[in-house]
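Each chain, letter by letter, is given below.
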Amino acid sequence: MNFAADFASIILGGLAAGTVLFIVSVGLSITMGLMGFINLAHGAFAMFGGYLIVLAMNRAHYGFPAALALGFFGTAALSVLLERFLYRRLYRAGELDQVLFTIGLIFIFIAGTTIVVGPEHQTLQLPAALSGQLNLGFIRYRTYSVFLIVIGFLIALGIWVTFERTRIGGQIRATVDNRRMAESLGIDVDRLFTITFAFGSGIAAIGGGLGAEFLGLDPQYPLEYLVYFLIAVSVGGLGSVIGVYYAALILGVLNFVLTLYLPKGGTLFIYALTILILLARPQGLFGRKEL
Amino acid sequence: MSVAASPAGGASAAAGGGSPAAQALMRRHRLRWWEALPWIAGMVFYFAFPAYLGFGCDLLVTILFALSLDLALGYAGIITLGHAAFFGAGAYTVGMLATYNIWTEPITSLLLAALVAGLIGFLSGLVLLRAKGLTLLMLTLCTMALLEQAANMAHAYTGGFDGLPSLPIAPVFGVFEFNPLYADTQYLFALGVLFVCFVFVRTLVYSPFGQSLTGIRENVLRMHAIGSPVRRRLMICYTISAAIAGIAGGLWAQTNAYVNLSALGLDRAATVLIVLILGGYGRLYGAFIGAVAYLALEHFLAQIYPTAWQLGLGLLLVVISLFARNGILGLGEMLWRRYRVRRVKP
Amino acid sequence: MSETRLETRALSRNFGALKAVQAVNFKLDAGARHALIGPNGAGKTTFINLLTGVLSPSHGRVLLEGRDITGTTQAERVKLGIARTFQINRLFRGLSVLENICISVAERAGAAASMFYPAGRRTDIIDESMHLLHTLKLAETAHYRVSELPYGRQRLVELAIALGLKPEVLLLDEPAAGVPSAESHIILDAIERLPNDIAVLIIEHDMDVVFRFAERVTVMVSGAVFAEGTPREIEANPQIREVYLGQAVQRADHG
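As you go down the protein sequences, you meet chains W, Y and S in turn. Sequential numbering of the first sequence, starting at 286, is according to my numbering. Sequential numbering of the second sequence, starting at 436, is according to my numbering. Sequential numbering of the third sequence, starting at 355, is according to my numbering.
The set of hints was computed from the structure by calculation and includes no laboratory data. Incorrect hints may appear among the rest.
[To be verified] Across the chosen pairs, the derived CB separations fall in these ranges: (1) S/D422 x W/L442: 28 to 38 Å; (2) Y/R773 x S/H488: 49 to 59 Å; (3) S/H488 x W/A557: 53 to 63 Å; (4) W/N343 x Y/Y740: 37 to 47 Å; (5) S/T477 x Y/G767: 28 to 38 Å; (6) Y/R465 x S/A377: 18 to 28 Å; (7) W/F554 x Y/P485: 28 to 38 Å; (8) Y/H734 x S/G464: 19 to 29 Å; (9) Y/H734 x W/F554: 20 to 30 Å.
[To be verified] Simulated crosslink set (DMTMM-like; lysine to aspartate or glutamate; CA at most 25 Å straight-line): (10) S/K373 x W/E449; (11) Y/K567 x W/D473; (12) S/K381 x S/E494; (13) W/K549 x Y/E768; (14) S/K381 x S/E569; (15) Y/K567 x S/E430; (16) Y/K567 x W/D382; (17) Y/K567 x W/E380; (18) W/K549 x Y/D597.
[Stated by the list, open to error] Reference listing, derived: stretches of chain W covered by chain Y, where coverage requires no fewer than 3 residues with Cβ under 8 Å from a Cβ of chain Y: (19) 330-336; (20) 356-362; (21) 397-403; (22) 507-520; (23) 556-568.
Bear in mind the structure is a predicted one, so any value in this text is a computation, not a measurement. Each residue gets a CB set at the ideal place from its N, CA and C atoms; glycine is no exception.
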């Protein structure tokens with residue numbers, strides 16, 4: 286009985302952390318799948334949004350939903366500016382230039398945040414409704430974690446439905462599969478990418494805010510979790526929403542279990558597993574094309 | 436290497452009998468007078484700045500590490516984010532051999548570091564050189580993270596996060612002691628190691644093998660089509676590059692007399708990439724220029740305000756990637772070519 | 355009667371349900387000037403990829419001078435004397451024209467694996483490369499970076515890299531593709547001057563080129579050989595006019 290409860294709480298904790306990882310990474314998967322652009326700075330948008338959300342609540346006393354909306358739209362607006370004026374110049378450049386450019390952006394975001402806000406860790410003040418414990422029948426568990434898991438599922442479902450059922454989703458899928466074909470069918474790929482880039486960054490911002498509990502929130506954020514975002518995206522498969530969802534959840538649970546039982550270096554197994562998966566399936570578990 | 440003589444550049448070569456292009460190719464590997472400058476500068480530094488020899492050691496190690504990356508990235512076009520894996524392997528080889536008093540002789544220790552790092556390079560190359568693009572990037576990154584976590588996990592042997600301090604290093608040639616307070620021996624030793632490695636790399640890149648590596652970088656599909664054993668060439672190049680990175684790591688451990696996890700991290704891998712790009716990749720001397728520029732900038736900007744350094748570095752990277760893809764040396768070459776063109780015109 | 359250099363027997367390749375190449379029996383004679391024509395998507399480039407070992411066949415064999423080479427790799431076939439050019443340039447764009455050729459010549463001469471001897475001292479390789487550039491009238495541009503050359507000249511470099519391998523069988527995939535008509539004669543002249551003993555297979559869309567250059571023509575449609583004969587026979591075949599030449603004429607009319 287006790288073991289079962291422990292087990293359930295470990296799984297729930299891992300799922301909650303994995304959900305955060307998913308919300309942050311899903312935009313990266315879609316934009317990388319669309320344009321083949323190696324955007325290592327994706328985490329910087331999550332951090333930017335996270336700061337907007339946390340600061341709006343802690344300093345300007347916004348409500349939780351209002352702060353999330355601010356984070357989403359503020360980050361989306363910033364990402365549109367960067368995409369239009371900077372990213373766009375490098376779509377046809379080599380991988381190396383893209384890597385350097387986005388590492389440079391990471392440093393700028395880290396330094397900018399440190400200068401404007403300060404190097405200290407930010408904490409999210411949860412609204413009262415989410416801060417207690419929830420009785421799930423078989424165990425009592427933190428309301429916020431359950432809330433996260435549910436929100437993450439809804440976001441995954443929402444994006445999946447958008448992909449499968451709407452016109453713009455169809456255009457995105459077509460472009461991920463074959464960009465040249467999509468262009469010849471009259472899809473405005475530039476516009477499509479600006480929209481998905483903004484949306485992906487906005488979602489990442491929400492992930493940055495919601496996940497401040499789990500991943501923490503300080504200026505080093507984009508660098509600290511870079512490898513995790515990339516693992517979720519590459520193992521899941523570029524451009525595959527379901528793939529990133531599964532990969533992030535598995536990664537979350539695995540990481541939770543490993544840090545609990547093997548605090549020193551347990552994440553070694555995650556890297557080993559990633560290498561094995563990518564060797565066996567270079568396109569990721571759910572991807573259709575090579576990275 | 437990849438710089439073809441510009442049309443206006445070959446006016447004087449016609450006297451040599453062959454065409455300017457053939458003359459340029461035949462002369463390319465020959466030493467030029469300015470190639471003595473880095474080594475003269477290295478010796479001048481030794482006498483002029485005795486208080487900064489520790490900094491000098493860091494500089495030499497950084498140059499050597501960037502040089503190793505240049506071979507893989509600049510010449511063969513293998514884009515890696517995990518080169519610190521080999522630096523760390525070399526550093527820990529030297530560090531663990533010394534800590535447990537198994538082997539402390541510095542030169543042979545470096546050879547062992549090269550051997551271990553080269554072996555890891557060979558084994559990882561066997562699997563990851565099949566991949567390309569983001570998969571390759573991910574695999575190099577994960578291999579490095581794997582080693583980092585392994586070093587962390589084996590903290591009973593590696594000292595974990597704290598590392599191995601106060602490494603005993605035997606005197607060079609049994610005579611010249613490493614003095615922990617005054618880094619004169621360390622500096623000269625590092626300069627010597629860098630020189631030997633540089634001569635080796637220089638020979639390699641001007642050989643037909645080096646030429647075929649640039650071919651792989653420029654168009655791998657064509658190399659397959661002219662019957663080149665591309666995988667084998669890449670494996671050899673990656674293994675040598677890893678071995679030299681291992682020597683750089685071993686040298687780092689020796690000159691600092693300690694090893695810790697910072698030898699293996701993403702920070703170090705990103706730094707060496709930036710150093711190389713800043714100087715100009717695929718250019719032999721890019722590693723020198725980049726390391727000097729990087730460490731000098733770091734030194735002065737970080738003095739003003741630590742965060743200013745990071746901001747400056749970020750802006751620099753963005754500007755380089757958008758406007759100056761061939762780094763400082765590339766900019767220099769472009770200006771030099773313009774100057775020559777203008778001079779030739781009446 | 356000339357001997358057969360390269361031969362395929364019932365060569366086939368499927369991509370899923372698509373039969374890209376079906377049961378092709380084909381012979382290329384020593385010193386041949388053979389053209390392969392057919393509408394877009396007929397499987398011509400796939401056929402070349404099968405001949406060079408880029409793809410392995412689903413069925414059938416490839417024979418070089420009677421020897422079965424079906425299982426050999428691309429690199430091994432190059433060593434056996436099969437070279438090709440590409441429809442879209444595959445050049446070492448950042449290097450000089452001369453270096454492009456030297457890389458190829460060094461690979462053929464077995465020098466490319468040597469690590470401790472300067473490439474600049476292999477004057478034999480450099481001289482041979484220069485000589486090749488002379489024969490293609492490219493010597494004047496030897497020191498240019500390839501990316502600085504006009505497209506027509508780049509197509510010549512594409513050909514020169516293949517010739518640096520001293521092939522016995524040369525496969526040319528639309529050598530004049532994309533070259534402005536004012537420049538295309540330099541490519542055609544170069545092809546006409548190729549050494550007589552090389553067996554040449556050329557994929558070409560331009561019928562003028564085919565009829566000027568080829569002694570034999572194979573027509574491929576939907577992955578299979580539709581007809582084979584002398585240019586005159588092919589021209590006279592009403593079915594081919596309908597399937598293929600008609601299209602070309604139509605296209606010319608519209609253009």
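Hints versus structure:
For S/D422 and W/L442, the Cβ-Cβ distance of about 57 Å falls outside the hinted range of 28 to 38 Å, so the restraint is violated. In this structure, Y/R773 and S/H488 break the distance hint of 49 to 59 Å, their C-beta atoms being roughly 31 Å apart. Checked against the hint of 53 to 63 Å, the C-beta distance between S/H488 and W/A557 comes to roughly 57 Å, which is consistent with it. At about 26 Å, the beta-carbon gap between W/N343 and Y/Y740 misses the expected band of 37 to 47 Å.
As the Cβ distance of S/T477 to Y/G767 is approximately 30 Å, the hint placing it in 28 to 38 Å holds. The beta-carbon spacing between Y/R465 and S/A377, approximately 58 Å, falls outside the hinted interval of 18 to 28 Å. Checking the proposed 28 to 38 Å range against W/F554 and Y/P485 shows it is violated: the Cβ atoms sit about 49 Å from each other. Against the hinted window of 19 to 29 Å, the Cβ-Cβ separation of Y/H734 and S/G464 comes to about 49 Å, which falls outside the hint.
At roughly 40 Å, the beta-carbon separation of Y/H734 and W/F554 lies outside the given 20 to 30 Å, and the hint is violated. For the hint linking S/K373 to W/E449, the alpha-carbon distance of about 31 Å lies beyond 25 Å, and the restraint is violated. At roughly 28 Å between alpha-carbon atoms, Y/K567 and W/D473 are farther apart than 25 Å, so this suggested pair is violated. Between the alpha carbons of S/K381 and S/E494 the distance comes to roughly 38 Å, so the proposed pair goes past 25 Å and is violated.
The suggested pairing of W/K549 with Y/E768 is violated, with an alpha-carbon distance near 49 Å, which exceeds 25 Å. Pair hint S/K381 plus S/E569 holds up; C-alpha atoms about 13 Å apart against a cutoff of 25 Å. A hinted pair counts as satisfied when its Cα atoms are at most 25 Å apart, and Y/K567 with S/E430 qualifies at roughly 24 Å. For a cut-off of 25 Å, the pair hint linking Y/K567 to W/D382 stands: about 15 Å separates their Cα positions.
Only pairs whose Cα atoms come within 25 Å are accepted, and Y/K567 paired with W/E380 is accepted, the gap being roughly 10 Å. Of the pairs offered as hints, the one joining W/K549 and Y/D597 holds, with about 13 Å between alpha carbons and a cut-off of 25 Å not exceeded. Under a criterion of three residues with beta carbons nearer than 8 Å to beta carbons of chain Y, the stated coverage of the stretch 330-336 of chain W fails, only 0 such residues being counted. Coverage of a stretch by a chain is defined here by at least three residues with a beta carbon nearer than 8 Å to that chain's beta carbons; for the stretch 356-362 of chain W and chain Y the count is 0, and the condition is violated.
Beta-carbon proximity to chain Y at under 8 Å applies to 3 residues in the stretch 397-403 of chain W; the threshold of 3 is reached and the given coverage holds. Figure legend: the stretch 507-520 of chain W, annotated as covered by chain Y; annotation consistent (6 residues with Cβ-Cβ distances under 8 Å, at least 3 required). Here's how the stretch 556-568 of chain W fares: 7 of its residues keep a CB closer than 8 Å to some CB of chain Y, so the rule of at least three is met and the hint holds.
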